Amino acid sequence: MTQTTLPPVKKTEPVSAPKRGLSDRSRSERKLGWLLAGPAFVVMLAVTAYPILQAVYESLFSYRLTDPANREFTGLTNYWVILTDPIWWQAIWVTVFITVVTVAVELVLGFGLAMVMAKALSSIRPVVRAAILIPYAVITVVSAFAWQFAFDINTGFVNSWFAWIPGVTADTDWFGDRWQSLLVICLAEIWKTTPFISLLLLAGLAQVPEVLQEAAKVDGATWWQRLWRVTIPNMKAAIMVALLFRSLDAFRVFDSIFIMTGGANGTESVSFLAYRQTIARLEIGLGSAVSVLLFLVVVLIAFTFIKAFKVDLASTRGE
Amino acid sequence: MSTRKKVMWWIGGAIIVVYALFPIAWIISISLKAPSDIANGQFLPSSVSWGNYETVLTGDASELFLPALRNSFGICLIATAISCLLAMFAAYAIARLDFPGKKVILSTALAVAIFPVISIVTPLFNVWRQIGLYDTWPGLILPYLSLTLPISIWTMSAFFREIPWEMEQAAQVDGATTWQAFRKVIVPLAAPGVFTTAIIAFFIAWNDFVYGIVLTSTEAARPVPAALGLFSGASQFEDPTGAIAAAALIVTIPVVVLVLLFQRRIVAGLTNGAVKG
Chain A
1 MTQTTLPPVK KTEPVSAPKR GLSDRSRSER KLGWLLAGPA FVVMLAVTAY
51 PILQAVYESL FSYRLTDPAN REFTGLTNYW VILTDPIWWQ AIWVTVFITV
101 VTVAVELVLG FGLAMVMAKA LSSIRPVVRA AILIPYAVIT VVSAFAWQFA
151 FDINTGFVNS WFAWIPGVTA DTDWFGDRWQ SLLVICLAEI WKTTPFISLL
201 LLAGLAQVPE VLQEAAKVDG ATWWQRLWRV TIPNMKAAIM VALLFRSLDA
251 FRVFDSIFIM TGGANGTESV SFLAYRQTIA RLEIGLGSAV SVLLFLVVVL
301 IAFTFIKAFK VDLASTRGE
Chain B
1001 MSTRKKVMWW IGGAIIVVYA LFPIAWIISI SLKAPSDIAN GQFLPSSVSW
1051 GNYETVLTGD ASELFLPALR NSFGICLIAT AISCLLAMFA AYAIARLDFP
1101 GKKVILSTAL AVAIFPVISI VTPLFNVWRQ IGLYDTWPGL ILPYLSLTLP
1151 ISIWTMSAFF REIPWEMEQA AQVDGATTWQ AFRKVIVPLA APGVFTTAII
1201 AFFIAWNDFV YGIVLTSTEA ARPVPAALGL FSGASQFEDP TGAIAAAALI
1251 VTIPVVVLVL LFQRRIVAGL TNGAVKG
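Quick note, the sequences are listed as chains A and B, same order. Position 47, counted from 1, in the first sequence is what the numbering used here calls 47; the numbers after and before it change by one each time, with no gaps. Numbers in the numbering used here are just positions in the second sequence, counted from 1, shifted up by 1000.
To be clear, the hints were calculated from the coordinates, so they are not data collected in a lab. Keep in mind the model is a prediction, meaning the values are calculated, not measured. Worth double-checking, as some hints may not be accurate.
Distance windows between CB atoms, simulated [what the hints assert, rightly or not]:
#	chain 1	residue 1	chain 2	residue 2	range
1	A	G262	B	G1074	27 to 35 Å
2	B	D1239	A	Q207	48 to 56 Å
3	A	A280	B	A1081	44 to 52 Å
4	B	E1054	A	A280	29 to 37 Å
5	A	L53	B	M1008	50 to 58 Å
6	A	T74	B	L1057	48 to 56 Å
7	A	R125	B	W1165	27 to 35 Å
8	B	V1018	A	A69	58 to 66 Å
9	A	G176	B	A1081	28 to 36 Å
10	A	Y79	B	M1008	52 to 60 Å
11	A	L53	B	W1010	51 to 59 Å
12	A	G176	B	P1138	41 to 49 Å
Yeah, the Cβ is synthetic: ideal placement off N, Cα and C, and Gly gets one too.
Sequences are here, hints too, so could you generate the full structure?
Structure representation (structure tokens):
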């Protein structure tokens, strides 16, 4: 996505302008271009760049809303406080855990769903595609409630349905323990966002040349070989886009945790930590510092992906 | 295709449908359970009760739910309209005009799309309180643009690129004025892309939770997801599970219907913007 090539811009009629400088026509086109695209550009900067700069500024102060008179410039102290606090590192590990688990499962599951949608009988294909879109349409909060109620010790049916699994009994409290809570959070996230990944992968599958598949088939390649040697290498770009978007999205996990555990039992994510500092404890300075750190981590992830992506593209082109 | 293979596909399809529908079916089931039934450990209610819907629509919880529903509709529609309008101009410029900085605009949109919402919301909380935007409609509409604008720009420029712009000139050659050519040729071709983008943008705004919960405090602006998240029952001693399920279903059904009606376009919009970009 980042290596986007712009569409071949159609040249307008030849202009009889002097060779030096820009012609009147292209100058007015430039002007019009920025006139039209400018507002969107300015709004995007205003709603993101400005707040993040504000956060950077506020993160340098010791500033509590409950005690505004004692606002004081303390430099990088807030960052030091956070980075030496085990709570921050716990939030980081929880977030990384959720991201890695959900994205890995979603990639495999989403790929399977995409294959079914691509190859299914034409009679069931529309039904499958419609069904896939339903989790996409459901808001995250509602999905979180559905999963929470299902596993809840009082309202849920999971315990009575799955009592045959060792370790599950009528009074298994899924939200009483860290790993079990995280498992349910991951399940809810996976259910909600797999459709997005599978639609991107389906679009990627459509771009794999049929000719190559046929050729591999004629050469006697098995289904498995064709999958690994033909299909997947040809849809690398789609896979990378899906991975990048979902990883960044998963790293911001907040809604499900808020609904299901409220951050109890060590299930707090980085977003949740920032929320708790700012809104519950009104520690604007510390909360801003957490926000800035989260922003930096997200930038780092995006940067790593894009770097890896470029290397990949270069090597495939080199073949 | 052999019968065995056909049966396999049918089973596979059925599994997917059940997987996609199961949590919804469960919410429906809870919303129809009477309070005595909620903790029965069964999937289905033992008898159907509409009490939860009454609580949410006319009863104790309606004071929380109905204003939230109104806020959500109003705020999301306005945010969608603004971002579609801005994105339409930008996408037209990107698809049609030759000017330096196209790449900058598209990369900015990408960067904004990956921005962690919580990083924006912390400073906004403080600033909004100082300038009086806290707990107001504009106080949510503005930040919602950070969610809806990037995807609108990407999706719409992907759609707009596929419009054969030469037709506009052809119409002009045939004697149409510039405005007529634009109005009669380009607008009808662009309309489906704009419409699809609007639906996707609306969903994204409708799904927001973080802004809603941090930047509002009363029913003056609190949207549905935040109201649901903070709903703790009409009284302290009442378990709100059934009411939450009913409210959740009320906000889910219209959106699901919309998605199913326009599924073809939504799939095209989601994947065009991202894969072809």
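Tell me, which hint numbers fail for this structure? Violated hints (numbers, rising): 3, 9; every other hint is consistent with the structure.
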